[in-house]
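Visitor: In case you want the letters, here they are:
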Amino acid sequence: MTQDLNKIKSGHKILKEWSYELKPVDKGYNMRTLYVNISDNTVAEKAVSEEMKMTFTGGKGFGMKLLWDGVKPETKWNDPENEICIATGPIGGNTNYPGSGKSLVVSLSPLTGIPIDSNVGGYFGPYLKFAGFDAMEIQGKADKDVIVYIDGDEGKVQIIEAPYEAVDSHVIGEQIIDLFAKNEEDKINISSVSAGTGSDHAWIGCLNFSMWDKRRQGVRFKQAGRGGIGTVFRNKRIKALVVRFSNLSGVSNNPADIATVQKTGLKLHKEIIALDDQQCRMRKVGTAHLSEIMNEYDLLPTLNYKYGSHKDAPKISSDVFYNEFLSKGKPDGCWYGCTMACAKVAEDFELKTGPYKGQKVLVDGPEYETIGGCGSNVGIFDARDILEINFYCDTYGLDTISFGTMTAFIMECWENGILDKEKTGGLDFTWGNSDSVLELLHQISRGEGFGKIAGKGIREMKNYFEKHFGADRKFMDDIGMEAKGLEYSEYVTKESLAMQGGYGLALKGPQHDEAWLIFMDMVQGLIPTFEDKAEALHYFPMFRTWFGLQGLCKLPWNDIEPADNAQTSEPAKVPEHVQNYVDLFNAITGQHIDKEELILQSERVYNFQRVFNIRMGKGLREHDSIPYRSVGPVTVEEYESRAERYDKQLKEKVGIDPSGMSSEEKVKVMREYREDQYEKLIDAVYERRGWTKNGVPKPEHLKKLGIAFDDVLDVVNKHL
Amino acid sequence: MAKYLKTYPEKCSACGTCMDVCSETFFKEKNPLKSAIKIEPKDGRVLMTVCDQTCRLCVDECPVQALTVNSAGVVLLNKNKCIGCLACVSVCPINAMMWFEGGQTPFKCIACGKCAEACPEQALEIVEEG
Chain A
1 MTQDLNKIKS
11 GHKILKEWSY
21 ELKPVDKGYN
31 MRTLYVNISD
41 NTVAEKAVSE
51 EMKMTFTGGK
61 GFGMKLLWDG
71 VKPETKWNDP
81 ENEICIATGP
91 IGGNTNYPGS
101 GKSLVVSLSP
111 LTGIPIDSNV
121 GGYFGPYLKF
131 AGFDAMEIQG
141 KADKDVIVYI
151 DGDEGKVQII
161 EAPYEAVDSH
171 VIGEQIIDLF
181 AKNEEDKINI
191 SSVSAGTGSD
201 HAWIGCLNFS
211 MWDKRRQGVR
221 FKQAGRGGIG
231 TVFRNKRIKA
241 LVVRFSNLSG
251 VSNNPADIAT
261 VQKTGLKLHK
271 EIIALDDQQC
281 RMRKVGTAHL
291 SEIMNEYDLL
301 PTLNYKYGSH
311 KDAPKISSDV
321 FYNEFLSKGK
331 PDGCWYGCTM
341 ACAKVAEDFE
351 LKTGPYKGQK
361 VLVDGPEYET
371 IGGCGSNVGI
381 FDARDILEIN
391 FYCDTYGLDT
401 ISFGTMTAFI
411 MECWENGILD
421 KEKTGGLDFT
431 WGNSDSVLEL
441 LHQISRGEGF
451 GKIAGKGIRE
461 MKNYFEKHFG
471 ADRKFMDDIG
481 MEAKGLEYSE
491 YVTKESLAMQ
501 GGYGLALKGP
511 QHDEAWLIFM
521 DMVQGLIPTF
531 EDKAEALHYF
541 PMFRTWFGLQ
551 GLCKLPWNDI
561 EPADNAQTSE
571 PAKVPEHVQN
581 YVDLFNAITG
591 QHIDKEELIL
601 QSERVYNFQR
611 VFNIRMGKGL
621 REHDSIPYRS
631 VGPVTVEEYE
641 SRAERYDKQL
651 KEKVGIDPSG
661 MSSEEKVKVM
671 REYREDQYEK
681 LIDAVYERRG
691 WTKNGVPKPE
701 HLKKLGIAFD
711 DVLDVVNKHL
Chain B
1 MAKYLKTYPE
11 KCSACGTCMD
21 VCSETFFKEK
31 NPLKSAIKIE
41 PKDGRVLMTV
51 CDQTCRLCVD
61 ECPVQALTVN
71 SAGVVLLNKN
81 KCIGCLACVS
91 VCPINAMMWF
101 EGGQTPFKCI
111 ACGKCAEACP
121 EQALEIVEEG
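In order, the protein sequence lines correspond to chains A and B. Taken in order, the first sequence gives residues 1 to 720; the numbers are from this note's numbering. Taken in order, the second sequence gives residues 1 to 130; the numbers are from this note's numbering.
Pulled out of the complex, with its shape left as it was, chain A reads as follows (with noise of 0.2 Å):
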């Protein structure tokens, strides 16, 4: 390892220095952003005015600000103008309030052409921001390998030469500690964020974000997976992002009212502790428990979101990798001073397949994202293969989300004939063949054979599968789970038509983070007119976007409630925990807002970010549709699977008698109405969002929220 080191470091050539004046954090915020060009090794601090914090709050919020004003309506995800940047927000990096370690990643995606968000635990936005940077901002493309040291305790910032790190995650992540911790204690001080090689061919790129485990003695990560942020970063020359804080406390921030963050955060870890144990086990399991129950409520993707269950889901339940794999009673939090600890970790988990076989490792999860993609939706009903999977998409740099559920729709295209051997190379794409899956993997990471045209993701397998193999056009689009370029997140939506207005109107592309609806529209009824449904559609991915401005985790906003909360006026909204976040960000900013200003708070950011949509050519109307697979049976072999509920719908809510009619009858009436669904919902969201019924913010609603600028109205005024 030290003959390594003496080898790595030799390769080290500082390309520019730059320092900066060490200040101490101001009530959550340091009114500064650091912006680094790795194409002319520029590096410079740019100050946050009055009126950028109060309109974009921070977080998310600052990076849609800086990525707007760094690229142009013609940029690509791969030109150099396209930034990465990360942020956490105000609240962000607090010891005491569960889930307060997020860091938010913005940049323009490979997948989809418009502004993607990724936010992510781990050390780095934290530490960033108590290095004295509300942001950071990397511009450029390197001619060869960088990394770029952020050294928070002495006030400098190195452009270093890197040509002999590793790429892949798990690898460079230690040597990132190796090389810059000045002995065992200052290892926690330490961290980074890395792709892997997957990121260097695939566009499904996923970054990590690394945290030293002292108990362990290793380096553990959580993934910004979503839109290819590892691809841009990759395709920008980058190893890795360094930062080193080692003056961590409780009073990082600054906060204006220390006692309040301290109650606020010590009622909730008290909640925590009492309740989490009969309510959703996160801190034993983690998000791996929405397994089971989604398979309970025929909601777990399976078979390409064909169903919704599965005969063999018991195997890939939560009880099987808790008693199999993941360690017990270690409270692995992603950040510290979060109780709810729900990042698991398998130990020694031995691999059995690609470069690193044979290797005992750390894997990070599962989370319940990875288990429905990368099991049940690809038809894989066995932990181990499902751990391997995640493992390697992690250290490859490749996002568990988008490899699973393109996975699922290649393997629907080998089930209809549209791939065989030939056109794979030789990869027999079965349901459920770990195998081919995880070769499909290794041939991404080495850029070769169809892990090169699969690593693209869905849009663009559906144009070379059209081009070169003649597929059905229509047929793809039918179950090709994408929208907007990006690939599905893991749950079935065709009975709740509410989420999917969910998928098909979040900014970014179809990510739950911005809206949750199914359990209150499809089970328990709380939201059945269009009406009802377009509040929550404003309300919840207002709300959530919130979490994304102050560098908070959703999580512990309802994956935990308090015991009286079904109680309350709207449980739905968990109204305790909302009072908590007020109270949180007053004590920290000593501003004095109210849960509506909270609301507005996110309402500008989200407008601004539709407006972007619209600015790079994909924010209209049209770009909000989604893929029948999402709304309902596209086959008859779906429709007859779910025969007496469809048929049951056919009668109470289409008004038509099935009787005597043929299953492909059915699935086309069935198609018509629920289409027809979807697009009055579309209607009723828009209007209630302040929008046209095109999709754009009206001007008077821009002016209301206090962001039309005329940037802004430049943009909106060419579609009314």
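Heads up, a few of these hints could be off.
Computed footprint of chain B on chain A, listed as stretches where at least three residues anywhere in the stretch have a Cβ under 8 Å from a Cβ of chain B [to be verified]:
hint: 1; stretch: 268-276
hint: 2; stretch: 321-334
Stretch by stretch, here's where chain A covers chain B in the computed footprint (C-beta under 8 Å, at least three residues) [said to hold, decoys possible]:
hint: 3; stretch: 54-64
hint: 4; stretch: 87-95
Hints in this document: simulated from the structure, not taken from any laboratory. On a predicted model such as this, the values are computed, not experimentally measured, just so you know. For glycine and all other residues, C-beta sits at the position ideal for the given N, C-alpha and C.
For chain A, the structure is supplied; the task is to place chain B on it using the hints.
Guide: Coordinates of chain B only, in the frame set by chain A:
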């Protein structure tokens, strides 16, 4: 090895001497909020809350390993490492990890024995077992 402060509630008169001694020793002021032992008369009896050094849930929970067990079996907090998250306060099943509003780190009994020496009723005793 387990060294801890043993309590005898039936002997305690709730005079509060122990809390004065404790807070004076560690915070240089007489303030029951800053004492690692809490004495509360309740329903005609006295409730004596202090760490018994045994369950160590706080040690497991601490995200920065600021809580450790010394060779005498006493759970100690390293304030330099503590990041003030208060997770330890929330996991303590007997509320013996103490904290006051605005205090940057929690605190707890380290079985120093000063309170036991001062107790006029011999309701406290340092015990070493094992």
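Visitor: If you count the residues of the stretch 54-64 of chain B with a beta-carbon closer than 8 Å to a beta-carbon of chain A, do you get 3 or more?
Guide: Coverage by chain A holds for the stretch 54-64 of chain B (4 residues, Cβ < 8 Å).
Visitor: Using a Cβ cutoff of 8 Å, are there at least 3 residues of the stretch 268-276 of chain A near chain B, or does the coverage claim fail?
Guide: Result for this restraint: holds, n = 4.
Visitor: Within the assertion that chain A covers the stretch 87-95 of chain B, do at least three residues meet a Cβ-to-Cβ distance smaller than 8 Å?
Guide: Per the Cβ count (4), the hint holds.
Visitor: Per the coverage rule (Cβ-Cβ under 8 Å, at least three residues), is the stretch 321-334 of chain A covered by chain B?
Guide: holds (count 4)
In this structure, every one of the numbered hints holds.
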